[in-house]
Amino acid sequence: MSMQVGGKKGGAMADINVTPLVDVVLVLLIIFMVVTPMLSSGVDVKLPAMKTAEEEKDLGQHLVISVRDDGVVFVDRDEVKLDDIAGVVNAERKNRPLLLKGDQRVTYKQVRDVLDKIHADVPATDTILLAAEKEKD
Amino acid sequence: MGIRVRGGKSGGMDEINVTPLIDIVLVLLIIFMVLTPMTVNKMASNLPPLEDIPPPPEPPPDQVMVAVYDDGSVALNLAPMTDDELAKAVRRKLFGKEKRTVFVDAHPNANYGRVVRVMDRLRESGADKIGFAEMKEEGPARLLAGQSLTPVAPAVPPAP
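Listed in order, the protein sequences are those of chains A and B. Residue numbering for the first sequence is 823 to 959, as defined by this note's numbering. Residue numbering for the second sequence is 177 to 336, as defined by this note's numbering.
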C-alpha cells in the first residue's frame, strides 16, 4: 500500500496528530507481549529434535502434558504430582488427544512413569503423541 | 493500492487524516498475527497393553526389538551396533513387511532425548509404528562379555 501526497508548492503539511498512532502501537505491543508466551501450549521445555515428526498447527487441540528438565510434571500449565496425574488428565481431557512434551534432558524413566500412570487410569491412551522439535535437514 | 493526491497549484492539501488508515492497518496486522498459529511437531508412540499377557516363550523370529542402554548405546535384538548400522539393519528387516512395527526397550536412566533420537532413526528406516516395551528396572537385556548370540543365518551366504 503506498500513498503519495504531492504537496509541491502548496502549504506545508500541518502537523499530524500522532498520539492515536502511538496509542495503538503501544496497545499492540502489550497484546503481543501478553500473547506470545501463551502461543505454544503447555510449559516451555527443550524438546528433542526429530526429522520425521509430523507438523500440525497448534490450535489447542491437544491436552498437553509436560515434563520439565527438573522432572516436574505439568498438565497444561498447572503443576501436578505424579500420583494425581491420571485424575487431572481425566478431568481436563474433554476428548482431546494427549500430547506429551518431554524435555530432552530428562531420563526415559521420568517420561515413561508419566506415560504409564496415564495409560493405567485414563481410557483410550494406547497411543500417546510425543512432541518434538522439527529438525531441518 | 495507491492513492495519489495531486495538489497542483491551487490551495494544496492542508492535511489528510491518516489516523484511521493507520488504525485499520494496525488492527489488520494484529488480526493476522493472532491468526497465524504456532505449529506443533509430534509422533505417535504406543504403550504396551495393560493386561498381563504372558509373553510368548520365544519371541517371534521377525520381531524387531531395539534396546537403548543407559550409556546411550543401542542394540538390535541384543546385537550391539552403531546408529547407522541400526538404521540399515532395521531397514533390511522391515523391507517388504506389511506390519512395520518396531519395539523400543530403553533403560530407565537412558536420556529421553536420546531415546527419541533413536525412535526418529527407526522411523526414517521405515518403521510406521513404534511401541514401547515394558520398562524393566534393570534395563534391557544385554549380552554379557563372552556371550554370543544364538546362531543366526550367516550374513554372507557360503559360496557354492
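No lab work stands behind these hints, which were simulated from the structure alone. Please note: incorrect hints may appear among the correct ones.
What the simulated footprint calls covered on chain A by chain B, stretch by stretch (three residues with Cβ under 8 Å from a Cβ of chain B suffice, anywhere in the stretch; the number is not a length) [to be verified]:
1) 874–883
2) 891–897
3) 902–909
4) 919–931
5) 939–953
Mimicking PhoX-like on lysine-lysine, the simulated pairs with C-alpha atoms at most 20 Å apart in a straight line are [stated by the list, open to error]:
6) B:305 - B:273
7) A:873 - B:312
8) A:879 - A:868
9) A:956 - A:873
10) A:879 - A:939
11) B:264 - A:939
12) A:931 - B:312
13) A:958 - A:868
14) B:305 - A:873
15) A:868 - A:931
16) A:879 - A:958
17) A:868 - A:956
Beta carbons: idealized from backbone N, C-alpha and C, even for Gly.
Of all the hints given earlier, name the ones this structure violates by number, lowest first. The structure breaks hints 2, 3, 7, 10 and 11; every other hint is satisfied.
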